[in-house]
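Taking the hints into account, I'd like the entire structure generated from these sequences.
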Amino acid sequence: MEYRKLLGTDLTLSAVGFGVWTVGTTWWGVKDEDMAVRLLRRAFDLGITFFDNADTYASGRAEELQRRALGDVRDQIVIGSKFGYDIYNHPERPGQQERPHDWTPAYLRKALEGSLKRLGTDHIDYYQLHNPRLDAIQKDDLWAELEKLKAEGLIRAYGTALGPALNERQIEEGIETIRLRRAPTQIIYNLLEQVLGEQILPVAEAEGVGVMARVPHASGLLEGYMTLDTEFEPGDHRNWRLTTNARRKAWMEDGLKKVEQLQAQFLEGRTIGQLAIQFALRSPAMASVLPNIYDEKGLEEYAATFDAAPLTDVEYDAIQVLYRDNFGLPTDLRGQEVAR
Numbered sequence: 005m006e007y008r009k010l011l012g013t014d015l016t017l018s019a020v021g022f023g024v025w026t027v028g029t030t031w032w033g034v035k036d037e038d039m040a041v042r043l044l045r046r047a048f049d050l051g052i053t054f055f056d057n058a059d060t061y062a063s064g065r066a067e068e069l070q071r072r073a074l075g076d077v078r079d080q081i082v083i084g085s086k087f088g089y090d091i092y093n094h095p096e097r098p099g100q101q102e103r104p105h106d107w108t109p110a111y112l113r114k115a116l117e118g119s120l121k122r123l124g125t126d127h128i129d130y131y132q133l134h135n136p137r138l139d140a141i142q143k144d145d146l147w148a149e150l151e152k153l154k155a156e157g158l159i160r161a162y163g164t165a166l167g168p169a170l171n172e173r174q175i176e177e178g179i180e181t182i183r184l185r186r187a188p189t190q191i192i193y194n195l196l197e198q199v200l201g202e203q204i205l206p207v208a209e210a211e212g213v214g215v216m217a218r219v220p221h222a223s224g225l226l227e228g229y230m231t232l233d234t235e236f237e238p239g240d241h242r243n244w245r246l247t248t249n250a251r252r253k254a255w256m257e258d259g260l261k262k263v264e265q266l267q268a269q270f271l272e273g274r275t276i277g278q279l280a281i282q283f284a285l286r287s288p289a290m291a292s293v294l295p296n297i298y299d300e301k302g303l304e305e306y307a308a309t310f311d312a313a314p315l316t317d318v319e320y321d322a323i324q325v326l327y328r329d330n331f332g333l334p335t336d337l338r339g340q341e342v343a344r
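Each step along the sequence shown adds one to the number in this note's numbering, with nothing skipped, and position 149 is 153.
Keep in mind that the hints are not guaranteed to be accurate.
What the hints assert, rightly or not - Capping the alpha-carbon separation at 30 angstroms, the derived lysine-lysine pairs in DSS-like fashion look like this:
id : residue 1 : residue 2
1  : LYS261    : LYS301
2  : LYS143    : LYS154
3  : LYS152    : LYS121
4  : LYS9      : LYS35
5  : LYS114    : LYS143
Since the hints were made in silico from the structure, they are not lab data.
Okay, structure coming up:
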C-alpha cells in the first residue's frame with residue numbers, strides 16, 4: 005500500500021481508501037452485516053487505513069458497523085465521516101432521495117456528537133460537509149464552528165464531499181472549498197468522467213490543498229465485470245440513477261465500448277480496476293481514491309494496485325487522447341452518467 009499526505013492537513017491516508025457506504029447501506033447489494041465487518045477488517049489487514057463514512061448511511065448504522073469491525077485498532081486508522089443531512093428529524097426517503105440539510109452550527113455539533121458515539125471514538129480525523137451547495141461553503145458561521153471543534157480536539161481536519169451525483173455545479177463548489185476555506189474536497193473522478201477533476205485538480209495543485217476521488221470505477225464500468233446483460237439488484241442505487249431501460253442501455257453500451265478500448269491497450273501487468281485507480285491517483289494533489297468495495301475479490305484486487313505495473317507517462321497521455329476524442333464515439337454521454 006502507498007500512503008499520501010492530505011495536503012492542507014496533518015493527515016496521512018492510504019492511497020486506496022474504503023468508502024463504507026458500500027457495506028454500511030444496502031445500495032450495493034451487501035446485506036449481511038457480518039460480511040460487511042469481515043470486509044472492513046480485511047481491508048485493514050491489507051494496509052487500508054482510511055475509512056470514509058457518513059451519519060446518513062443507514063441512519064448511522066454504517067458508523068456502528070465500522071466501530072464493530074475496527075474499534076480495537078482505532079489508533080491505527082484515519083476516520084472520515086460526514087454531516088449535513090438532518091437524520092434526526094427526517095427519515096430516509098424512497099428512491100434514495102436527499103433528506104433536507106441543516107447547516108446551522110448547533111446541528112453541526114449535534115451531528116458530530118452522534119457520530120462520535122456511534123464510532124466509539126473521542127475525535128473524527130476528517131469531517132466533511134456532505135453534498136453541500138455553494139451557500140453552505142460560503143456560510144461563515146458554519147466554518148467558524150468547524151474551527152472551534154478542531155480547537156477542542158473533536159476533529160483534526162475538515163473539508164467537503166461534493167455530490168450526490170455528478171454535476172458541473174460542483175466545479176465551483178470544489179474550487180470555493182479550496183480557495184475560500186483552504187480545505188480539501190472529495191469529488192467524483194475517473195478516467196471516463198473527468199469533468200470535475202479537469203477544473204478542480206489544477207487549482208488544488210496550485211494552492212497546495214488535497215483532493216480525494218470517489219467512484220474511480222465509473223459506477224462499475226471500470227471493474228471489468230459488467231456486460232450488456234448485467235442487471236442490478238432492486239436496492240442498487242444505479243436503478244434510481246438510470247431511471248429508464250433506454251437510459252440504462254445507452255449508458256452501458258457507451259461505457260463498455262470505451263472499456264473495450266482500454267482493455268485492448270492498457271492491461272499489460274495490471275487489471276482494468278487497477279488501471280482506473282492508478283489513473284485517478286495521477287495528480288500530486290490526490291491523496292486517496294475510494295473505490296466501491298462490496299466483495300473480497302475486488303478488495304484484494306484494489307489493495308494490490310501498487311504491486312501492479314505502474315501507469316507510465318506515455319500510457320497516461322494516450323488515455324487522455326482517447327478521452328478528449330470521446331474514444332471515437334459519435335454521441336457524448338459524459339456528464340450524464342450515473343456516477344455516485
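Structure-based check of all given hints:
Among the hinted pairs, LYS261 with LYS301 is consistent with the structure: their alpha-carbon atoms are about 24 angstroms apart, no more than 30 angstroms. Between LYS143 and LYS154 the CA atoms are separated by roughly 17 angstroms; this keeps the pair inside 30 angstroms, and the hint holds. Restraint check for LYS152 and LYS121: satisfied, since their Cα atoms lie roughly 19 angstroms apart, inside the 30 angstroms limit. Of the pairs offered as hints, the one joining LYS9 and LYS35 is violated, with about 34 angstroms between alpha carbons and a cut-off of 30 angstroms exceeded.
Simply put, LYS114 and LYS143 have alpha-carbon atoms about 18 angstroms apart, close enough for the 30 angstroms limit, and the pair holds.
Violated hints amount to a single one, hint 4; each of the other numbered hints is respected by the structure.
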